[in-house]
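Undergrad: Sequence:
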Amino acid sequence: MRPHRERRNLGAAVLAGLGCGGLWMLAATTILDVARPGVMTVPLALGVGGVTGLAVAAFCWRPGTSRQIWGHVALTVGLHALALPVAAAISFGATGIWPPPDTADLGLSLDVFGVRLVGTPATVRLAVGGFVLGLLLVSIGDRALRRRGMANRMGRGAGRFFR
17 MRPHRERRNL GAAVLAGLGC GGLWMLAATT ILDVARPGVM TVPLALGVGG VTGLAVAAFC
77 WRPGTSRQIW GHVALTVGLH ALALPVAAAI SFGATGIWPP PDTADLGLSL DVFGVRLVGT
137 PATVRLAVGG FVLGLLLVSI GDRALRRRGM ANRMGRGAGR FFR
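Numbered per the numbering used here, the sequence shown spans residues 17 to 179.
Hints are computed from structural coordinates only; laboratory data are not their basis.
Where a beta carbon is used, it is the ideal one built from N, C-alpha and C, also for glycine.
Each hint should be verified, as a subset may be incorrect.
As the list claims (entries may be wrong) - Simulated DEER-style distance windows between Cβ atoms:
(1) L34 - A138: 19 to 27 Å
(2) L34 - F147: 14 to 22 Å
(3) G38 - S155: 17 to 25 Å
(4) G66 - L151: 20 to 28 Å
Let the sequences and hints guide you as you build the complete structure.
TA: If you want it as structure tokens, here you go:
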């Protein structure tokens with residue numbers, strides 16, 4: 017059996033950066049456009065996504081086997097996807113806070129790149145989709161990073177104490 021080669025994978029790092037950057041653009045736009053209408057512009061959203069994407073790509077640009085690299089990518093993107101339900105909950109909470117109650121508009125007119133999100137079923141779909149995608153990717157990443165034979169070693173080690 018050949019030894020595993022430690023290498024870096026640029027494609028995995030770029031994919032993780034693009035995925036997490038896009039997820040944080042959605043999360044930041046969902047929250048900020050409700051809390052402070054007019055603050056979140058396209059350049060600011062692209063800046064949030066770009067900075068997050070570069071940080072994630074730098075995190076995922078580490079040597080390892082192919083299984084380890086893609087496991088880190090799945091785990092990282094999955095944890096970032098789990099932030100979407102939190103962003104949706106914050107945006108729903110912010111609709112009752114901003115703007116002040118004396119105005120008729122309660123902040124239910126958020127448009128993210130042409131899709132109305134706050135106070136609509138689209139926000140609920142975004143939250144549920146982020147939750148399901150996050151759980152799926154975290155479980156795949158955890159499974160990929162878990163060592164093979166761990167259960168056997170744990171069983172043998174614990175067996176000494178319980179015999």
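Undergrad: A separate judgement is required for each hint: does it hold in the structure or not?
TA: Hint check:
no., hint, verdict
1, L34 - A138: 19 to 27 Å, "22 Å, holds"
2, L34 - F147: 14 to 22 Å, "21 Å, holds"
3, G38 - S155: 17 to 25 Å, "21 Å, holds"
4, G66 - L151: 20 to 28 Å, "27 Å, holds"
Hint compliance for this structure: every hint is met.
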